[in-house]
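Chemist: Using the sequences and the accompanying hints, generate a full structural model.
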Amino acid sequence: MATSEASTTYKKIQVRRYKPEENPEKNYLNEEKGLWAWLTTVDHKKIGLMYLASIAFFFLVGGILALILRTELWTPARSFLDADLYNQVFTLHGAIMVFFFLVPSVPTVLGNFVLPLQLGAKDVAFPRLNLASFYIYLIGALFTLTAILTGGVDTGWTFYTPYSATTGGNVIMMTLGVFILGFSSILTGVNFIVTIHKLRSPGMTWAKLPLNLWALYATSIIQILATPVLAITLLLLTMERALGIGIFDPALGGDPVLYQHFFWFYSHPAVYIMIVPGFGIISEVVSTFSKKIIFGYWAIALSSLAIAFIGFLVWGHHMFTAGQSSLANLVFSFLTFMVGIPTGIKIFNWVATMYKGSIDMKTPMVYVMIFLFLFMIGGFTGIMVGALSVDIHLHDTYYVVAHFHYVMVGGMVMAFLGGIHYWWPKMFGKMYSELWAKIAAGILFIGFNMTFLPQFIMGSQGMPRRYFNYLEQFQPFHQTSTVGAYLMGTGFLIVAIYLTYSLFKGKKAGPNPWGSRALEWQTASPPPLHNFEHIPVIINGPYDYHKPMSEFQLGVASKHNGHHAEETVDVPESAQEKA
Amino acid sequence: MSGHHISSAKFLWGIGIALFFLTFVTVAVTWIQIPEPWNIVVAIGIAVVKALLVVLFFMNLYWDSKFNSLLFIFSLIFFGLMIGITLLDTLFRNDPTPLF
Amino acid sequence: MNRLIEYMLPPAKSTLAGETDALFAFINISSFIFIIGITLTMLYFAWRYRRKSDDDVTPVISHNNILEITWSVIPLILVIIVFSWGYSTYMKKISPPSDAYEVRVVGKSWLWEFHYDNGNVSVNELHVPENRPVKLIMSSDDVIHSFYVPDFRVKMDVLPNRYTSVWFEATEQGESTVYCTEYCGTAHSNMLATVHVHSQEDFEDWLETSGGSGEDLPPVERGEMLVQQNACMTCHSTDGSRLTGPTFQGAWGSDVPLENGETVQFDENYVRESILEPNAKVHQGFQPVMPSYAGTLDDRQIDAIIEYIKTLQ
Amino acid sequence: MSSTSATEEKRLDHVQHHFVDSEQQFESAKMGMWVFIVTEILMFGGLFVAYIVYRSWYPELYLEASTQLNAFWGMVNTFVLIGSSLTVAMAIRSAQLNQIKGLIYNLYITIGLAFTFMVIKYFEYSEKLGKGIAPGEYYTYDGLEHEKANIFFSIYYMMTGLHGVHVTIGIGLMIWLVVKAKKNVFHSEYYTPVEITGLYWHLVDIIWIFLFPLLYLID
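Chains as they are written, first to last, in my numbering: chain G, 1 to 579; chain Y, 1 to 100; chain D, 1 to 313; chain V, 1 to 219.
Quick caveat, the hints were computed from the structure, so don't treat them as lab data.
Positions of the beta carbon are idealized from the N, C-alpha and C atoms, including for glycine.
Per the computed footprint, the stretches of chain G lying under chain V, defined by three or more beta-carbons under 8 angstroms from a beta-carbon of chain V, are:
no., stretch
1, 187-194
2, 197-206
3, 226-233
4, 248-259
Listed below are the simulated DMTMM-like cross-link pairs for lysine to aspartate or glutamate, each with C-alpha atoms no more than 20 angstroms apart in a straight line:
no., chain 1, residue 1, chain 2, residue 2
5, G, Lys-356, D, Asp-55
6, G, Lys-362, D, Asp-54
7, G, Lys-356, D, Asp-54
8, G, Lys-547, D, Asp-56
9, D, Lys-52, G, Glu-434
10, G, Lys-362, D, Asp-56
11, G, Lys-508, G, Glu-25
12, G, Lys-356, D, Asp-56
13, G, Lys-362, D, Asp-55
14, G, Lys-356, D, Glu-68
15, G, Lys-547, D, Asp-54
16, G, Lys-547, D, Asp-55
Modeler: This is the structure we're talking about:
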């Protein structure tokens, strides 16, 4: 596999067409069986599925917590939780959703599954590291669950000092859990960067890299640059509680605003860790279901990198009212608006891709439309809270809560659902019910807007976030929101049901149900253990719908099928020359 | 092949001795009192030279693929941004004082 | 649209509220236009170019630099306008006039204390004159709080190790709510206060006469007033229900179990100590979170509170 | 170099199934390590930010408190770490030249130097703890007037402590390398773990190169 960097001389290779098998007997799901084989697998696809299961579990937990919160907020005063428990519940809802669902979800589930397939590689660069990162994720989760059971945490997911340094509960366990989790995220990032650089199949130049991979690449860069700062922040916080080192605790001479700088230096880029992979999914789906070459390939690819870069320089917009210098506010506000530009470029390019396409409104495409609509609202309200004078009013109100959920649930979760529906046939070789999928998407859309649109209004009217009790004037908004939340819960439940059902009773999907030109669809569904029976050779871009399908299924015979121990292998030329 | 540079033993020792010497120099300059802020500049300057020697010739970045150098430079840039932008706040705070 | 924006915002009761609202409206309206425009385009495309057969051939339109530049530059111009507008109002919001009337604000978990220049202290109610700039110099006794008055469109975090400030000029007499908007623990959502905007004369009257002395009242009534004024009831109920702190009802004369297993008699000295040094002897099962009232309440006032608690049997 | 059929066979058993050849695997592993080094730099970067921010606020604190640190032993430790970096570089060179004995000797010296570093660090710590210069709220020393002296030492302990943890991990890795080298795993065509551990060790060295003047040499 020549990479663009290593191949300075061009070799002629003989390629032939490999049509994917319609009904493969062997695939990665049935080639190795048993629980132990799953737990010790280094196969990126299985690891992806194990992540899918864990992430679905945490999404369920986080979702139930959200419903508990919304139920409590049905009345202005206490209804069935007391204030301390409520505070713990919203802390856990935030922490679980952010650290255990949003951050890992797309890269570890869809990224792990799809990335090597889209590259034409047999696996990620460091398969054992990949498995290790899954277990690190589980250990982090274990710490967090322990923290919940041994005293709980009521600091809010932001762990602001000095509150987090002085409150009761088991904060240390929680911060250690997230600290450990960070390493899982870092290792995934390391793996993806190296894989994209070193394991591209012949002909896969940077200009032919699927946009999903550009997005994952940008995400990985953020992960490796930002996550270590979270690690050190949480370590300092842990030490603050364990030893009272005083760097962030004013009672010991420290500065709490410095903590906020540390925290947001990770946690703002983390927002882009969550949403940028979603952009990648959208690019893939829009092109496939418009059956048309993506509009502005380089604009979309480079805007991902631009967002990754500028996203690092805007963390202070979480601190406009925190008491940082007005100079910092000026700079952060300005840079915040600059992030809006590449994001806008993406949206325009996606819509332009649909122009004169052949649009098939299958479920993934429906989710793309939902994504675009909701994410636009999320984006524009982002402009609102980026404007200094308005943010002074809106900061820490439900307006920000709604904005965040529009970006994260309306944007990232919808993109994730789109991605799941898009790659589901590839993952399991089964089709889900299109009708139920569309019904569920409709319910989710209505439920979502019902939940969060009222929050914009009560937020701008002055309803602060993280409130257990509230003034009676806000009750209608809260009640609408609660009803919407239950509607949304129903929607997710339906999704879970028909997807599970499809595993057992679903129609066979065939290798390429969407007629896509992308590489992952040019192998059987589910794919064989080592992804391709051949080494794919790429001559066209992944979105070249004007070229015949046969040109996308080229390859050369693989020297070994992955179990090279059993066969003789030629000594690679390079090694011989050296010897 | 970019990744397999073999340095001669003499060369490695040369770099090592240069590093020892610079360590001595950075201690020695504290004996002659250099005024603020130049003492910090000198100390950091020497440390940077030492780090560069290690990175380029012990870690072989000098002969390595450009992308690895790029990674290294990027980490420094982002560290610079982190400290630079944080200082925009911490150095320019202007707190009011109460009259009573 | 205008009515919607008016509906979305609380009444504007300070001089800078109008400017903030104008930007709010501008962003809302321009976002609205963009969102509707793009959504309609999207829906139109989805319908107009719907798939007719699986063999549809689509044109090769890979990019268009003029379009890319257009949809980069126009939003860029718009956001720069928004940025400058937001920044200029923000500068006004953080630059109090030099003749502003100053009030010291202390945030404690979970109450607001307001100190006036004549030594008066009011808890959870801020009294300010109308049409006169008021500057609040704020600090916290424990964790971070945030002082927020939606009607004035001002908000600022209240920090334990530094002073921060906000200023506003109220334009209407009446009452507005103060919220704490930085999460600060159990009773965060009860850390409310009220701003009373008086005319200049009324304000001066209030400043001289009240300050919440009530010295002429009988001790029990004065105690009840003080308990209300000092926000004791945020945490201590008078009807036996359990809040953040132990209830006052039936407390007098009882034995208070402490964390270390000892008990202490609920008497005059215990009440006095608990007000001035709240965390010295904490009732078992409760957190040591009460702020000290030393310097806020004098001995006569504490006596009145004791008399009031005695009545709550 | 003699390429007998035996080494030929050995040359291949390290290539994992998803790599085309040894070269690709080596380059991937090395790039992976560089990416990891980026994360390490940013992680220590966080502590350096805390250091710089507090130094910009309280320059006099740093002047005063650093007198409690012993520049002589700091210098000795710098020499020790640079020396170990040199031996690691020599170890890699030995591996590249198929000199397995040289590789093992150099690793032994490195481990020895790393231990020396930790021992000196231990004496430095215990001397300070004995005076009551402990991290955080256990700080009881009253020889310094600056009210934030505890924070300087918190930063000192965090920085050198995290660095010490890295040195300890490094020792573990070196021992693992020695074990593998004794099993004859490494040869001129496969020394990836040595190279990678070497990169890690040099990074640990570089961090100390900055810690030394920043903590010890404030005059």
